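K.L.:
Chain by chain, the residues:
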Amino acid sequence: MEDPATQGYPAGDPDGSPYDWYRRAVALLDGGNPDAAAVLLARLREVDPSSMSVLEAHARSLFDSKRYEAAAMAFGELVERNPSEDYAHYGLGLSLWRLQRFPEARDQLAMATVMRPGRADYAQALAQVRATIRAREESGLPLEGPVNP
Amino acid sequence: MTSSADPSTSCQVRIVGRLGSRVDSRELPSGDTVVTFTIVVDRPRRARSDGTRARVDAIPCQAFLAPVRRRVTTLEPGTLVEAEGRLRRRFWRNLAGPSSVLDVEVTKLRLG
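These protein sequence lines are chains A and B, in that order. Take 1 as the starting number for the first sequence in my numbering and just add one per residue. Take 1 as the starting number for the second sequence in my numbering and just add one per residue.
Read the hints as simulated data drawn from the structure, not as lab findings. Hints may be right or wrong, so weigh each one.
To be verified - DEER-style ranges, computed between Cβ atoms:
1) A:P142 - B:D24: 20 to 30 Å
2) A:N148 - B:P60: 32 to 42 Å
3) B:R90 - A:P142: 34 to 44 Å
Said to hold, decoys possible - If the Cβ cut is set under 7 Å, some of the chain B residues that face chain A in the computed set are:
4) R18
5) S21
6) R22
7) V40
8) P44
9) A54
10) V56
11) D57
12) A58
13) G78
14) G112
As the list claims (entries may be wrong) - Here are some chain A residues the structure puts well away from chain B; computed CB gaps all over 10 Å:
15) D13
16) S84
17) Y87
18) S139
This one's a predicted model, so the numbers in the text were calculated from it and none came from an experiment. Even glycine gets a Cβ: it sits at the ideal position worked out from N, Cα and C.
Modelling step: build the complete structure from the supplied sequences, incorporating the hints.
P.N.:
What follows is the structure, given as structure tokens:
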């Protein structure tokens with residue numbers, strides 16, 4: 001029986017082609033196993049650093065694994081490589097929000113909302129970050145970081 | 001050899017789109033002030049053929065003229081604007097080597 005601690009993690013190079021790895025990683029991600037997906041996708045990025053699909057899936061897996069600093073870096077790279085991709089701005093905004101970097105999160109979420117005005121999830125995230133900023137301003141609290149450091 | 005521009009060439013552009021989320025102002029070593037911003041333009045469905053899911057083009061813009069700088073800094077993200085200007089390719093060098101970007105130097109800006 002497979003050790004649950006390493007279940008889903010590749011040992012060495014995984015079986016199959018890089019495309020098989022990608023499909024497996026996306027299945028792991030969609031199946032609620034983002035840590036295992038992140039390992040596979042990190043290896044894939046070494047093999048194919050130019051792939052936007054791999055980078056996006058890796059960013060998603062890092063976010064779902066609650067590795068928000070790494071997720072912000074990956075989504076930031078996605079924004080840099082394709083500034084017209086609304087999902088990249090949204091992912092970066094959510095990651096910065098989790099890192100409590102609220103003004104930067106607001107800017108990214110606002111950009112995603114400008115790009116896709118019809119997306120309720122974008123608008124809702126932006127409204128929540130703006131509300132947090134407003135509340136902190138009214139209370140004289142710092143706009144970044146924890147309230148009680 | 002002449003240094004004057006050929007009048008039959010042009011890179012004038014007109015953009016109608018939504019103002020992006022950030023408007024940044026900075027002072028150049030020359031003492032001039034430049035404001036940078038983005039205008040988001042919806043991409044026609046038939047033009048989405050570059051292998052990405054992008055539904056829009058986020059067009060980087062710069063403004064040196066004071067009236068444009070003043071106006072753009074008063075507008076909210078998402079405001080529909082109409083900009084006129086010229087395409088400019090800018091070059092610079094950093095640790096990764098030489099880089100360049102094509103952006104629009106906006107000379108007129110009005111509400112769209």
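K.L.:
All hints are to be evaluated individually against the structure, with a verdict given for each.
P.N.:
Results of checking the hints against the structure:
no., hint, verdict
1, A:P142 - B:D24: 20 to 30 Å, "22 Å, holds"
2, A:N148 - B:P60: 32 to 42 Å, "40 Å, holds"
3, B:R90 - A:P142: 34 to 44 Å, "36 Å, holds"
4, R18, "5 Å, holds"
5, S21, "4 Å, holds"
6, R22, "5 Å, holds"
7, V40, "5 Å, holds"
8, P44, "14 Å, violated"
9, A54, "4 Å, holds"
10, V56, "5 Å, holds"
11, D57, "5 Å, holds"
12, A58, "5 Å, holds"
13, G78, "5 Å, holds"
14, G112, "13 Å, violated"
15, D13, "27 Å, holds"
16, S84, "4 Å, violated"
17, Y87, "7 Å, violated"
18, S139, "24 Å, holds"
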